[in-house]
Every structure is written in structure tokens, then in C-alpha cells.
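K.L.:
Residues per chain are reported as follows:
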Amino acid sequence: MSNPGHPLTRINRHWLYGALLAIVVIGLIVPIPLPLAVSPEATRFYEAIESAPKDKLVLVSTLWSASTQGENRPQTQVVLKHLMKRHIRFALIAFGDAQSTTLAQELAEEQARIYKYEYGKDWINLGFRQDIAGTLKGMVRDINETLKTDSVNRRPLAEYPVMAGVRNVKDLSVIAEFSASGNYKSWVGLVVGSTNAAFCYAPTSVMAPELYTYLDSGQIRGMLFGIKGAAEYEQLLGEKGFTTRAITPVSLALVLLFVLIGLGNYGMYATKKMEGNS
Amino acid sequence: MNPIQSFLSRAFPALHGGALAGAVAGCVVACVVAVLILQALPGKARKAVIAAVTFVAGLFYALEFFLPANGQDENILTFAVPTVGNVTNVLGGMTLGLGVLSLIRIHGANVVKVKSGWENSALLLTSMVVMAVAGIKFEQTLFYRSLFRDVLNSFDAAMFAVLAFFIVSAAYRAFRIKSAEATLLMVAALVVMLGQIPIGQYLTHWLPVKGSYLSLLRLDNISNWLLTTVNAPAQRAIGFGLGIGGLAIALRIWLSLERGAYFEAKADES
Chain A
1 MSNPGHPLTR INRHWLYGAL LAIVVIGLIV PIPLPLAVSP EATRFYEAIE
51 SAPKDKLVLV STLWSASTQG ENRPQTQVVL KHLMKRHIRF ALIAFGDAQS
101 TTLAQELAEE QARIYKYEYG KDWINLGFRQ DIAGTLKGMV RDINETLKTD
151 SVNRRPLAEY PVMAGVRNVK DLSVIAEFSA SGNYKSWVGL VVGSTNAAFC
201 YAPTSVMAPE LYTYLDSGQI RGMLFGIKGA AEYEQLLGEK GFTTRAITPV
251 SLALVLLFVL IGLGNYGMYA TKKMEGNS
Chain B
1 MNPIQSFLSR AFPALHGGAL AGAVAGCVVA CVVAVLILQA LPGKARKAVI
51 AAVTFVAGLF YALEFFLPAN GQDENILTFA VPTVGNVTNV LGGMTLGLGV
101 LSLIRIHGAN VVKVKSGWEN SALLLTSMVV MAVAGIKFEQ TLFYRSLFRD
151 VLNSFDAAMF AVLAFFIVSA AYRAFRIKSA EATLLMVAAL VVMLGQIPIG
201 QYLTHWLPVK GSYLSLLRLD NISNWLLTTV NAPAQRAIGF GLGIGGLAIA
251 LRIWLSLERG AYFEAKADES
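Protein sequences, first through last, are from chains A and B. Anchor point for the first sequence: position 131 equals 131 in the working numbering, and the numbering is continuous, going up by one each time. Anchor point for the second sequence: position 202 equals 202 in the working numbering, and the numbering is continuous, going up by one each time.
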């Protein structure tokens, strides 16, 4: 009869699911008030917005849908909040996922109500574009000619005060991309070399390690490392909102992951020992 | 205005109202006729036409990039970049239409022939039509917002959230330390992840942040060192390889040298 193995190698998966669910719920209800060290990348992202001149436009590009909104939404929210606190005008644009433009619009409207931001005067939505490379190439030359109208009222961009003095990407102070994808390659390849605007990136945690090479070269000025980056940014803003609270379940889930990996490996060695003894 | 730009402005003046609608209709008819002619051509001739169009389309960006620029960083083709960008967006939109057509063809056949699982196909087609109509006709209404926010977004988020449970289960079952490499990977992963979370950072928070050798032992500093000094060069090497591979594939597609189901095989069939 074959050895069924140590009991620790045979934990029913439903217990694992239950443990994760319990830890996430408990973590959300009872946050652990531990300090979070702010990374240099998040600090540079913050400083790029903090030092952006008030008379220049900031471009906020989004490529996220409901699937990654757990990380990308708080990232977008803290940066929009910072822009509105400093009263810097900004333009939204979305690539890749059509959901993105609506989700970013809803988020901007929510923040605009709080900070009394007026559509068309303080901010604008440039809409969704399917092809990022072709669109970015066009925007390097002429934003109005490439995008033509906004996505809310479908009126020519030149009619909006928020677009005054903006011809192409050279007239932007910061480009911030919030993404679940590898869009940064298009931005770095097609736009970063054509403008002095600081390019900052906010990917999901799983994407973040890819970006260190571009942070190292300075092509990406700052980065928010998933929801942790958003929590760091919130800390830099001097606030403690949902994003800071959400770090507790993330931390606990990772600790659970380590514990389970440890248990699985202990079970494996215990099984080998049992087999050696028999 | 350069000679090409001036010629195009004269040949295709800006149109408005009925003239614009007429021009759009004429373009649609011309496209349909072009597709019909393409379908009627023998395989080799069709391949030659497609290869020529692909080459000319790709040539635009290559020439625009390589031709010398004037003092304003523009050359004779730069004026057309926004327009070509819009054309590529339209082409991208057409691929969405192709996807929709394909879905209707496959799932429509499932429903008509009452194949196994036809109910799922019917639900898919109904959902697609309802969402499309809601988005086109009722975008500003509660109906659309509810479908988008309460149904689509909730499903999307739920589908992705389920991954966390599978990751926990998979890590427990599959992450076994059986070799030196696996041990190294495990230790690096542990340090990087602990360095990213407050609980991990708390373990070494009593060490100085910087200015002392002891600061090198802080988990957040070790994590940052692994990401910037160990991970970044590896990512750079992978990116370099991917870049060269991407360039080779791009050249093969541009010059119509690529072989496979979507290229040579189709042309040889007819």
C-alpha cells in the first residue's frame, strides 16, 4: 500500500480557501497599525506631481478594468487626489481596455465633486483608443489633431479651456500611467524621448519588477508598486484612507502564504522521513 | 506646408454635412468592392497584393523615423502621423468587429443546431446584444450603468479575485524546496515579499534606515537591493532578448516572410 504522506501534505483545499477568506475579512475589519516604509520610487512619483508647475497639463493614462481595480483604482485615486489638492489641471486617456475610460471617468467625477473640479476647465477625458502605438506617435506631434474630441461631450478639444496651450506631449509636465499591462514600453519607446515631462508608472504588483531597469535608466521617474505603492503615496499625502487599511489584509495573506509553503515543505520532509523509517 | 501635404489638401478638401456623409458612404462601398476583388483573386495574386499593402503601410513609419528632420523636428511625412494613427485605431476597431462576427457565427450555429451547451451560447449572444444596445442607445441611463457597474464589473472583479485562492492552494501544493535553486528562489521571494509589507518591515524596523552598515540588514533595504541590483539586470537581459526577437518578427511580418496558418497556408489553399 502506498504511503499517503504526512497529514500536513494533505490539507483539504477548502480549509486553505477558508483561511484566506477569514484573514482578508479580519484584516479589513481590524487593521494592524504598523508603519510602512516609503520606497524611493513612490517618493519620486510624489515629487514629480508635487513639483509639477500649475500652468501645465498632466496626462493621466489608464489601462485597467474591474479585474485589477483592487490595485489600480487606489493608485489612480491617490494621484488624482494629489493633482486636485494642488489644483493642477489634468487629462484622462485610456488604452487597451474599453472599461478603463468609464472606470477612470467615474473615479475622476467622484474626486471632482470633493475638490470642486470643473469638467472642461480643470480636467477632461480624452477617451479610449484601441491602438496605443499609432495614437502616441500622433500625440507626439499634435494632441488635438490626433484625438480631436473629448469622450464626454464629443466636442473639439480646442474648445475646452483645460487644453489651452497644449499642442503636443512637449506641453505636458507629467505623464502618469496606471496599468495592468506592459504599456510602459510604448510610452518609453515613443514618447519619453520627445518630451521633458516626467513619466511615472503605476503597475500591479506582479508587473512591478519588470520596471526597475527603466527606473534605473531614469526613463521612468517614479513608480507605485501595486497597492503598497498607493498606500505609500497616501502616507506621503499625510492621509490614512482605505488604501492604508487595505495593506493589512495584503500583509496577512502573504504571511499565510509563507506559513502554508512552510507547512507543505515540512510535510514533504516528514513524509520522506516516514518512508525512510519504514 | 510641404508638397505632399499641399497636394493631399487640394485632392481631399475638408468636407462637411451631406458631402462628408457621401464620402464616407463612398469609402464603405469602395472597401466592400476591394474585399470582393481580393476574395475573387487567385491565392498567389492575393498574397502579392496583401504583401505590397503591408509593406507600404509599414514603410510609412520607417520612412518617417529615418528621414532627416528639419529644425522643428519634422520631415516631409511627419504631418501625416496623427492621421495614420487614427487609421490604425480604426483598423483596431475592425478587429473587434471580426471577433464579434466570429462569436455570432460559432455560437449562432450552436443555438440553431441545438448542440450540447446551446443554452450557454444563447446566453452569451443575448448578453452581448443587450450590452451593445445599452451602450449605444442608453449610455447615460441607469440601465447601462447598472449593467456595466453592477453586472460586468462585479463579474470581472470576482473572476480575478478567485485567483488569490488558487495561488494560495498552488503555493502550498507546488512550492517544494527540493534543490539549491529552489531554496535560493524561496529565500529571495520571502525576503522581497516581507520587505514589501509592514509586518515584514516591522521585523527589522529597529535597525537604522541608513548611514550605518546595520541598515543593510533591514528587510526593506535587502528587498530593494534584490529588486534593483539582482532583478533589474535580469529583466534587462530578458528585455534585450525580447527586443531582438520582436524586431526579427516585425521585419518578417513587414516583408511578408512569415509562414504559418495565418500567412502562407491560407494563400496556398485557393
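Simulated from the structure, these hints should not be mistaken for laboratory data. Just so you know, these numbers come straight off a predicted model, no measurement behind them. Yeah, the Cβ is synthetic: ideal placement off N, Cα and C, and Gly gets one too. Possibly wrong hints are sitting among the right ones.
Stated by the list, open to error - A few chain A residues that face chain B, going by a derived Cβ cut-off under 10 angstroms, partial list only:
| hint | residue |
| --- | --- |
| 1 | 25 |
| 2 | 26 |
| 3 | 29 |
| 4 | 139 |
| 5 | 140 |
| 6 | 208 |
| 7 | 258 |
Stated by the list, open to error - 27 angstroms max Cα-Cα, derived DSSO-like pairs, lysine-lysine:
| hint | chain 1 | residue 1 | chain 2 | residue 2 |
| --- | --- | --- | --- | --- |
| 8 | A | 116 | A | 185 |
| 9 | A | 185 | A | 85 |
| 10 | A | 272 | A | 81 |
| 11 | A | 185 | A | 121 |
| 12 | A | 272 | B | 137 |
| 13 | A | 170 | A | 56 |
| 14 | B | 210 | A | 240 |
| 15 | A | 273 | A | 240 |
| 16 | A | 148 | B | 178 |
| 17 | A | 240 | A | 272 |
| 18 | A | 85 | A | 56 |
| 19 | B | 178 | A | 273 |
As the list claims (entries may be wrong) - Stretch by stretch, here's where chain A covers chain B in the computed footprint (C-beta under 8 angstroms, at least three residues):
| hint | stretch |
| --- | --- |
| 20 | 107-114 |
| 21 | 156-167 |
| 22 | 228-242 |
K.L.:
Now tell me, hint by hint, if it's right for this structure.
P.N.:
Evaluated hints:
no., hint, in the structure
1, 25, "violated (13 angstroms)"
2, 26, "violated (14 angstroms)"
3, 29, "violated (17 angstroms)"
4, 139, "holds (8 angstroms)"
5, 140, "holds (7 angstroms)"
6, 208, "holds (8 angstroms)"
7, 258, "holds (6 angstroms)"
8, A:116 x A:185, "violated (35 angstroms)"
9, A:185 x A:85, "violated (30 angstroms)"
10, A:272 x A:81, "violated (55 angstroms)"
11, A:185 x A:121, "violated (31 angstroms)"
12, A:272 x B:137, "violated (65 angstroms)"
13, A:170 x A:56, "holds (10 angstroms)"
14, B:210 x A:240, "holds (26 angstroms)"
15, A:273 x A:240, "violated (50 angstroms)"
16, A:148 x B:178, "violated (59 angstroms)"
17, A:240 x A:272, "violated (49 angstroms)"
18, A:85 x A:56, "holds (15 angstroms)"
19, B:178 x A:273, "holds (14 angstroms)"
20, 107-114, "violated (count 0)"
21, 156-167, "holds (count 8)"
22, 228-242, "holds (count 7)"
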